[in-house]
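Undergrad: Quick note, the sequences are listed as chains A and B, same order.
Letter by letter, the first sequence follows residues 1 to 629 in our numbering.
Letter by letter, the second sequence follows residues 1001 to 1263 in our numbering.
Keep in mind that the hints were calculated from the coordinates and are not lab data.
Do not take every clue at face value.
[Unchecked claim] Derived coverage of chain B by chain A (criterion: at least 3 residues anywhere in the stretch with Cβ under 8 Å from a Cβ of chain A; other residues may be distant):
1. 1080-1094
2. 1103-1116
3. 1121-1129
4. 1152-1165
Ideal Cβ positions, reconstructed from N, Cα and C, are used throughout, including at glycine.
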Amino acid sequence: MAFYVVQFLTGLASAASLFLVASGLSIIFGVTRIVNFAHGAFYMLGAYIAFTLTERFSGALGFWGGIVVAALVVAIVGVLVEMVLLRRIYHSPELFQLLATFGLTLMVQDIVVLIWGPSDLVGRRAPGFKGAVDFFGQNIPSYDLFLIVLGPVVLGILWLLFQRTRWGILVRAATQDRDMVAALGVNQKWLFTSVFAVGVFLAALGGALQIPRDAVHHAMDLRIIVDVFVVVVIGGLGSIIGAFVAAVLVSELNAFGILVFPKISIILVFLVMAVVLIVRPWGLFGKPEAPARRTPGLTVNPWRPWTSNERLAALAALIVATALPLFGGNYALTVGSEIAIFVIFAVSLHFLMSVGGLASFGHAAYFGLGAYGVAFLAKLAGLPMIVCLLLGPLLGLVGAAVFGFFAVQLSGVYFAMLTLAFAQIVWSIAFQWVAVTGGDNGILGVWPEKWAASPSHFYWLSLGIAALAVIVLRIIVFSPFGFALRATRDSPLRSEAVGINGKRIQWTAFVIAGTVAGLAGALFAYLKGSVFPDNMGISLSVDALVMVLLGGVETVSGAVVGAIVYKALNIWLVSQTDWSKLVLGAFIVLIVVAFPKGIVGTLDSIISRRRKSSSSNSPLLTSRVETAE
Amino acid sequence: MSMVPTLLSVEGLTKSYGGVHAVRGVSFELRAGEILALIGPNGAGKSTCFDMLNGQNIPDSGRITILGEETVGKKPRAIWRLGVGRTFQITATFPTMTVRENVQVALVSHRHQLFNLWSSTPDFAREEAGRLLDLVGMGAYAERPCGELAYGDLKRLELAVALANHPKLLLMDEPTAGMAPRERIELMRLTATIAREQSIGVLFTEHDMDVVFEHADRILVLNRGSLIAEGSPEGVRGNAQVRAIYLGEGLVYDARHRDGAHV
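I would like the entire structure built from these sequences, with the hints used as guidance.
TA: Take a look at the structure:
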């Protein structure tokens, strides 16, 4: 019995940090409507800076002062980020806001390693809380008891802040209607900045307070952000009390999940989240939001199928690509195969994002599932390669069918958070369930059969499948299904009113995208001869997002160009620098701020502007009227 | 008159939010080919009533029967499949598609081709989409991006989309809101012509009394959630209670009609 009580208290102690970070995320979202993906990065920075300060300054004052100063320093960094970056993108589509803050996360990961080095750092114990309390023969660290008390105290302080101060009233007003608050003469800029500072302060404080419990390392940002997303999805984004209750719930589920399913403890949290999503999609303490105001995008140029000239040009490009083995060496062919595989992966995500308006931040899950599907079939069942390539992606299909069912219940930022959380869950299963997946060691020796083994043959195979995938997805884009999917994206209200079951359409699209991604993963397994948990990692999901963005979200097949350019750049970059994440993160931020249409989108708009200016005396060209949404 | 089938029958419709009775015991019927206006001051419960009819809101009690089917609890898309077309107070269209494609999507859905992954939508039911656009006078705009249309044209496009499933009943929530006065009259004249030709029943809410008195066959007056008057335009206009409400609201329609425009 005492054991369970101790387990319960450990869970409560973990909830404190989680609550601090999640409430910060919620507060920022409430006012700015930005889901700050960089929140985990601020948490990690808080921990690192607190580590340095507490090592430097001794004594109780040094320790506690160090923790508070660290959180303040990070809050100042947050203010700079808000002023320099976020102010430029408050009016951008959600996707760009998510990507920009994600780019920041990547940059911080490398910056942290640059400053503090790659190894784990073990911080000092908290003065006054070094010992443990005996509880019927079980030890409870006294620092845990401190954290258990701290959580409700912070909740109380936040409550007072929002109910009793002028600033808090303005923040609550802005959460309900920020335009109205601005109309009343409140300086929005500084309100946003101060809210962001408070949110970042809470995140950094959460990180700093972790140092006596856990080692400080450069992957803690992604670990916490996934937990935080699960917390805000369960508790309801924007609700502080929801963040508190859900943080306790998730921490307890983790604490007891380890006892029930020692290998895959994360399953329990997933099940609870699934139930909450079905019963209350807006979270336990959240409010159902009116359907978000849809920005139709940056352009309103309707899509056209290819003209016969464009078809010929695409065919010519394909023929040139087919000729690569005539003049390229083995290395070039391997790179070529990898690019072709990533073209498949990118177009599958592009289909979901551009046509469906569903920005998945965890698309690598289905890529990885396809890869593992092949590995299981080839290594465990010993099936021939053709059969593996056909059946392996079905694991991606099954994964997409299960997760997609829940994900399409939500939209916008919730969809992004949920897909990311699902991908992390799949990754953890691959990582933790060593008996089946080999864990970190992966599954080795998945080699192609003789007919496909030579680099040129494998290249042609990949290229052929990539061409097929692009063509099939284009056909689907212009099919009745593709139009129904776009209709659901453009106006959920109107599509429902013409008999379209939007959720089922989106679910089908999710399954199609997941299956095609699985196909890419299946080829990737044969290309590398092995599969690892990283085949479904977050960085791979982000790669796909950047490819789509680089090619142009508003285009039909921009992802093809995006994938080729990005993958080639990436392979080159990794060979040139150790700080590829820093460069990549900065690159993402730059695209979002300066180049949001991507390569193909920019070309498209130049061409259509020329066409328009050559036929500008058309009498139909009335001034554009914004629909009053 | 008894030969004309009842399209819509509403009995004892009631909805309250907290302690506020938004709609109380509203009952009425609508027959084929009839144009019925639902009017009332702001906050009278018109929108709540409308949302319950089209499936976006569930009543606390009462029955709604559309074309012989009980529809309480049905989703908007299921009600559409019964043969009900809708237009919105604030237009809802697909801004990234062309005008024709907007209609084609509705036709795809009407013909149960939503999960067709293969055909080409730009060629799908092209002629029928064109006919519908001609009907509402938008034929010349078929290839224009919908996002570039002026507001009045969007309203006409919505009407074409609403007609795509050969509806027996049209539900139009403030069809002329946000339009210029001349456009209002034209749109309602067009709607009335189509409704009479195809014997479609039309239920619409409206603030513009010129539009209401010119086109409605019958008028329902809602105030504080209850029906206070029902009848022909002449009868309703002469109703003392209705006059009192509108005068009390400061909307003096009587003064505007004193010049004899509708006498």
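Undergrad: Next step is simple, just say for each hint if it's right about the structure.
TA: For each hint, the structure was consulted:
Judged by the Cβ-Cβ criterion of 8 Å, the region 1080-1094 of chain B is covered by chain A as claimed, because 9 of its residues qualify and three suffice. Using a Cβ-Cβ cut-off of 8 Å, 10 residues of the region 1103-1116 of chain B lie near chain A, which meets the minimum of three, so the contact claim holds. Coverage of the region 1121-1129 of chain B by chain A holds [criterion: at least 3 residues with CB-CB distance below 8 Å; count 3]. Using a Cβ-Cβ cut-off of 8 Å, 4 residues of the region 1152-1165 of chain B lie near chain A, which meets the minimum of three, so the contact claim holds.
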